[in-house]
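Participant: For the sequence shown, the numbering used here gives the first residue as 40, with consecutive numbering after it.
Simulated from the structure, these hints should not be mistaken for lab results.
Do not take every clue at face value.
[Said to hold, decoys possible] The calculated label-pair distances, taken between Cβ atoms and stated as ranges, are: (1) Asn131 to Asp187: 25 to 33 Å; (2) Gly168 to Gly65: 43 to 51 Å; (3) Gln48 to Tyr201: 18 to 26 Å.
Don't be surprised by glycine CBs; every beta carbon is placed ideally from N, CA and C.
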Amino acid sequence: EYTNINATQIRRDLSAFGRFGKRGVGYRTEALLEEIRKILRTQGQHNIALAGAGRLGSAIASSPIFAEHGITVAAIFESDPDKVGQRVGNMNVNSIDDVAEICRERNIIVGVIAVPADTAQDAADALIGAGVKIIFNYSEALLDVPADVNVHTSNPAVDLLYALYFHLT
């Protein structure tokens, strides 16, 4: 129900990865979740760096949803000296100048950008310089990154318009 995909299609999709459950009985939920985590490679711990300790960054850092999926906000970076050293969620905010050292120490290859559009490219450059290869960009900026860096940009207004388009058509 959550995905609006019917059960038959889900069973068909799962069958592409092997046999799960028993015909007429169903699935053992925990075993199925474990297999899906293997398929999606979401087992284990994944550390991410968060650039931005403002309202959006604070909400991301304080949200339990990442931990529920094996993702830990391992470092928070900020260019505003007034925010450096403050506590956000359960972490201290680091200077963006320390991003390379901290990302290497904590094995971080994923970065989340939660800063205004006018500073997003600087945040991206710092994360990329630290070895980050995947960036989730919550600013409105279009980032210029090397070909080996994957960027996913999410703009709530655009996402809402997308949903409205499909609802209204």
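Participant: Among the hints numbered above, which are violated by the structure, and what are their numbers in rising order?
Facilitator: none
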